[in-house]
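S.K.: One line per chain: the protein sequences are A and B, in this order. Per full-length UniProt numbering, residue 1 is the first one in the first sequence, and the count goes up by one each step. Per full-length UniProt numbering, residue 1 is the first one in the second sequence, and the count goes up by one each step.
Result set (DSS-like, lysine-lysine): computed pairs, CA atoms no more than 25 angstroms apart in a straight line:
1) K235/B <-> K346/B
2) K96/B <-> K20/A
3) K529/A <-> K568/A
4) K583/A <-> K450/A
5) K494/A <-> K20/A
6) K650/A <-> K436/B
7) K138/A <-> K151/A
8) K154/B <-> K20/A
9) K624/A <-> K154/B
10) K436/B <-> K727/A
11) K16/A <-> K529/A
12) K96/B <-> K624/A
13) K494/A <-> K96/B
14) K235/B <-> K320/B
15) K537/A <-> K494/A
No lab work stands behind these hints, which were simulated from the structure alone.
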Amino acid sequence: MKFDTPATTNPIDQLKVIGKPTDRIDGPLKTTGTAPYAYERHDVVQNQAYGYMVGSAIAKGRIASIDVKAAKAAPGVLAIVTADNAGKLAKGSFNTAKLLGGPDIEHYHQAIAVVVAETFEQARTAANLVRIDYVPTKGVFELAAAKDSAKAPEANAFSGPPDTAAGDFAGAFAAAPVQLDAVYTTPDHAHVMMEPHASIAAWNGDKLTIWTSNQMIAWGVGDVAKTLGIPVENVRLDSPFIGGGFGGKLFVRSDALLAALGARAAGRPVKVALPRPLMINNTTHRPATIQRIRIGAARDGKITAIGHETWSGDLPGGGAELAANQTRLLYAGANRMTATRLAVLDLPEGNAMRAPGEAPGMMALEIAMDEMAEKLGLDPIEFRALNDTQVDPEHPERPFSQRQLVECMRIGAERFGWSKRNPKPGSVREGRWFVGTGVAAAFRNNLLTKSAARVRLDGRGTVTVETDMTDIGTGTYTIIGQTAAEMMGVPLEKVVVRLGDSSFPVSAGSGGQWGANNSTAGVYAACVKLREAVAQKLGFNSEEAVFADASVRAGNRSVPLAEAARDKEIIAEDAIEYGDLDKKYQQSTFGAHFVEVGVDVATAEVRLRRMLAVCAAGRILNPKSARSQVIGAMTMGAGAALMEELAVDKRLGFFVNHDLAGYEVPVHADIPHQDVIFLEETDPISSPMKAKGVGELGICGVGAAVANAIYNATGVRVRDYPITLDKLLTELPQTG
Amino acid sequence: MNAIRFRLNGARLEEGLIPPSTTVLDYIRDHLHLTGTKEGCAEGDCGACTVAILKPGSTRWEAVNSCIMLVPQLDGCAIRTVEGVSGRGPLHPVQKALAEGDGTQCGFCTPGFVMSLFAVHQNGEPTDTETIHDVLAGNLCRCTGYRPIVDACKAATAQSWVEIGDSAVEKGRTNYRRDGHYFIAPSDLPALIAALAENPGARLVGGATDLGLLAGHERQVLPALISTAHVAEMKAVEDTPHQIVIGGAATFADALPLLDEHFPAFGELVHRIGSRQIRSLGTFSGNLGTASPVGDTLPCLIALGAEVELASQAGSRTMKVEDFILGYRKTDLKPGEVIAQIRIPKLRDTESFAAYKISKRYDQDISIVLAAFRVTLGDRRPTDVVAAFGGMADRAKRARMLETELVEKGWTALDDAEDLLAADFTPLSDHRGSEKYRRIVAANLVRRMHLEVTASGVPLRLEVL
Ligand SMILES: Cc1cc2nc3c(=O)[nH]c(=O)nc-3n(C[C@H](O)[C@H](O)[C@H](O)COP(=O)(O)OP(=O)(O)OC[C@H]3O[C@@H](n4cnc5c(N)ncnc54)[C@H](O)[C@@H]3O)c2cc1C
Ligand code: FES
Ligand code: FES
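With the sequences and hints as input, model every part of the structure.
M.R.: Below, the structure written as structure tokens:
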């Protein structure tokens with residue numbers, strides 16, 4: 001189905017199932033521990049052996065020699081694969097460093113061998129016996145030091161150009177009576193999803209199956225095939241349950257490749273999980289940024305110039321963190337520029353993490369907006385409202401499909417009690433706490449991408465949906481089930497949803513908050529076809545047929561839906577494909593974050609006290625799971641504001657705190673009362689579902705709202721995340 | 001008989017084949033294929049591996065981290081994994097509440113949360129905010145943001161209790177040997193001392209919340225272990241006229257009620273050690289035995305003037321905790337000795353005790369700085385001060401200069417707190433906190449202590465949000 005004109009009224013608008021707060025259909029599987037995750041799929045294939053990864057102990061250089069004799073002779077060992085005997089391997093299109101390194105080493109903990117044995121213990125013990133001599137070479141590990149050598153990265157499908165400009169930024173900024181010119185930094189972040197990367201691989205002749213934990217099945221199939229040099233038809237990936245991803249499982253990682261290579265060498269199925277302490281340096285992370293923001297405004301508060309430059313680093317051939325992109329769209333201003341620069345760093349691979357670009361970009365931009373509001377003597381909400389725009393500021397002929405940023409701010413202000421705020425920093429004290437509130441905008445683009453599905457109707461009236469779409473905790477099973485139920489006029493219990501298998505039609509996959517809208521639109525398209533086939537079979541005019549109450553009806557004739565498939569299952573498959581509506585309109589999601597903090601006067605410990613997010617993100621398909629998505633994202637954003645930071649060993653080039661004890665993420669007690677409000681919105685430009693994404697919107701801007709609240713509480717403006725106790729304590733006002 | 005005996009999900013089991021330092025998690029997932037229990041970190045940090053146990057002789061369910069618990073520690077216990085909570089029957093109230101309340105997203109953390117909540121629910125504990133806070137501290141979730149889980153937790157209480165007809169197997173005691181490796185768990189002190197004397201190469205183990213990391217996280221083999229867990233004389237926590245006596249095998253959880261009563265600030269701090277899972281197994285002796293510079297109980301025990309009784313074949317000797325800690329992870333424990341008791345003198349009327357733990361996040365976090373003070377107040381000035389700090393040196397240590405000046409100059413010495421501390425400590429900088437932060441915050445904590453001990457009555461308590 002081609003979607004090239006705005007949606008009109010369609011069966012989804014009935015909202016009998018869609019839009020209702022609905023329990024996750026996979027909830028009981030998860031609470032009983034019966035949902036099968038990759039590493040524990042003992043049943044899928046017999047005789048699984050264990051693979052254990054050996055990771056490089058240097059960040060850059062080469063392996064002079066690798067001695068596997070002792071390891072090979074160890075009890076239970078079945079095979080050892082290194083670059084020497086792995087055969088020719090290519091690099092996946094989505095990988096920056098090779099998944100199996102050697103002799104050249106590109107980063108610390110890059111996989112350089114897999115040891116396969118009968119038991120996990122044996123594999124691990126033998127892995128310790130692999131002797132490696134390295135010749136290290138000097139690497140570059142510090143972004144601040146490499147910044148000046150940074151270059152404009154090549155543009156790709158997601159990035160936009162590295163340099164953008166409209167009007168005369170330099171002139172307008174210089175002439176602006178009120179100016180801000182400030183530098184902000186965000187550190188490297190780790191996804192630390194709860195489930196470590198894991199795969200089981202089995203060869204059947206030249207056909208390879210990998211049971212894995214992956215967000216983007218079709219990308220994965222392509223990259224496994226490319227890396228191994230085998231046809232894509234020979235690769236099957238299966239990933240029905242994923243213990244979190246957040247972008248860390250967008251790409252095939254070493255667990256999958258090592259399992260495949262190990263299985264080939266051992267001649268039997270092999271399973272590999274990345275041990276938690278190897279994960280952080282072996283896989284990808286969100287790269288650190290340095291961002292310079294300049295804003296010039298007239299005294300009335302109108303922005304006349306806005307510029308955002310960002311620097312990040314990655315391995316050679318890698319990509320930049322696109323932290324300036326939202327600044328092209330978020331606020332008005334005739335004169336504007338952004339610049340994105342990329343330095344070469346020899347740290348582990350930088351790549352996408354929840355809301356890549358916008359998450360760190362909004363952490364900086366929205367502090368800058370707070371600082372600017374203060375300089376102008378304006379309330380931060382009024383300042384943002386003054387500079388709202390309903391069109392793409394670089395291309396005023398392109399309107400936003402929907403934009404309710406100001407509404408989000410106003411409604412949030414009312415709900416949060418913003419008017420009671422004392423704007424003077426450091427002026428509210430409750431016992432041992434400085435208390436303050438802060439606000440920030442939330443913004444994330446809505447991306448459209450082709451997505452396909454297959455639907456089957458059987459003789460019992462059960463509708464089965466098959467698509468390679470994944471559910472990484474977002475609630476995809478449920479919204480896809482709701483979509484099919486709405487379209488076919490059956491209760492949700494009559495829908496079976498099967499996901500994550502590459503033998504199913506190719507979907508959008510889970511990433512970039514595009515999954516919900518695109519994958520359900522793909523199911524919509526397939527259901528339209530199924531409705532036509534059913535109508536035809538039952539002798540209805542498909543234009544007139546009404547699908548409701550498990551029946552098909554037109555005029556006064558009504559036939560049970562199951563009747564259509566009594567003799568033979570009916571199967572329909574289709575995809576949603578987009579025209580140029582996303583060129584004609586700018587499609588984005590908006591929100592406002594409100595935060596109240598307390599800061600301990602003597603220790604600078606920060607306690608979040610209240611958080612509120614108001615979101616306008618198209619139709620909310622399942623308010624229950626959407627709310628959870630936003631709350632989870634707010635929590636991750638709070639972590640980024642206050643504690644999350646990969647500490648770089650600048651001498652040896654690795655992340656020091658590479659486990660859950662060292663890389664702190666928020667615990668339950670760190671998170672206070674949180675609330676989420678969704679504004680009524682349907683966006684007919686986005687898809688027949690009229691929905692957009694929410695999962696990443698929730699993280700964009702939270703960090704800045706926390707930072708702004710801390711400033712309001714204490715008068716201390718920290719521009720380097722995370723805002724840890726030591727950055728605050730020395731600056732705190734003296735108290736009695 | 002050479003086997004570990006326990007009850008798993010209601011069924012009796014005897015295990016005689018596995019190496020003694022196999023973790024419970026590896027055992028249930030890999031050997032028994034009970035894969036509902038998850039591995040998220042293998043170091044006690046995430047709670048995905050949580051299971052519930054009834055210890056021998058106990059009727060109270062306790063959540064523990066199976067990833068750092070060794071299978072022989074199960075001897076005599078009943079254990080429930082997520083598979084044993086509802087079986088094929090209807091969902092347990094906590095499972096139902098989590099499913100219906102959207103307390104699960106990716107679901108990988110969920111079985112761990114189920115088991116933490118299961119223990120609370122089966123024990124009939126109230127699910128007030130404070131308890132929930134306490135219960136969930138050891139379970140990380142990267143997806144839900146916790147609120148839906150908290151709400152589910154409250155919803156579950158409203159539902160009726162499910163009869164789980166378990167009982168611990170029998171008195172725990174094993175002498176488990178396999179391929180030359182062993183795990184001995186004597187049931188009284190003389191047997192323990194004898195075992196130590198006979199096996200000079202063996203390591204003592206309490207709850208294994210430190211040692212278990214070697215097996216779980218580092219995947220080391222621990223060939224020779226002697227457990228204190230079943231030693232009858234060492235389990236008790238007693239309230240005597242002048243002292244609180246903590247047995248050498250008493251867990252944090254065992255001691256909390258008496259600490260809360262007699263040294264509320266200490267109790268509050270112990271509530272923040274690790275998580276319930278850690279406190280169900282972790283012992284005071286283990287905390288002393290590890291002698292970490294950020295071991296949380298150490299500054300408190302030093303400030304309170306606690307002493308340890310060390311037992312061995314040569315008899316027993318008693319020394320101050322302060323003297324027992326010799327340096328970085330170094331104690332005065334001699335071969336063949338065991339900490340049999342820790343004795344904490346009760347406070348006199350003129351004495352106050354304050355303790356503070358500063359960490360980056362509220363729970364489950366290694367301290368940046370820990371401060372503990374015992375102050376005797378005379379006429380508006382301190383007549384005696386013991387101030388001990390963690391995180392400021394290679395070991396938990398007293399701030400002698402500060403103590404002396406506070407007594408000699410009174411509270412005016414507070415103005416010089418930072419300089420006085422500098423004379424005693426040269427803290428390190430690491431990614432948790434800079435040297436400068438540690439110095440300033442330590443001085444501020446001295447000032448906070450002053451406010452607290454001089455403010456009549458109302459202590460400035462650690463706040464639970
Ligand atoms: C996730 C996690 C969080 C933690 N959080 C904290 C925290 O917040 N604060 C903190 O201080 N610690 C914390 N710890 C560390 C640990 O829990 C404590 O040190 C605990 O007190 C150890 O007790 P145990 O009985 O488990 O020791 P074990 O691991 O059994 O033993 C530790 C050491 O003590 C010795 N030992 C044990 N018993 C005796 C005895 N009776 N006599 C002599 N020596 C003995 C052992 O030989 C060993 O060397 C944490 C650990 C984990 C895994
Ligand atoms: S696996 Fe993380 S606590 Fe055990
Ligand atoms: S639901 Fe994913 S970690 Fe908790």
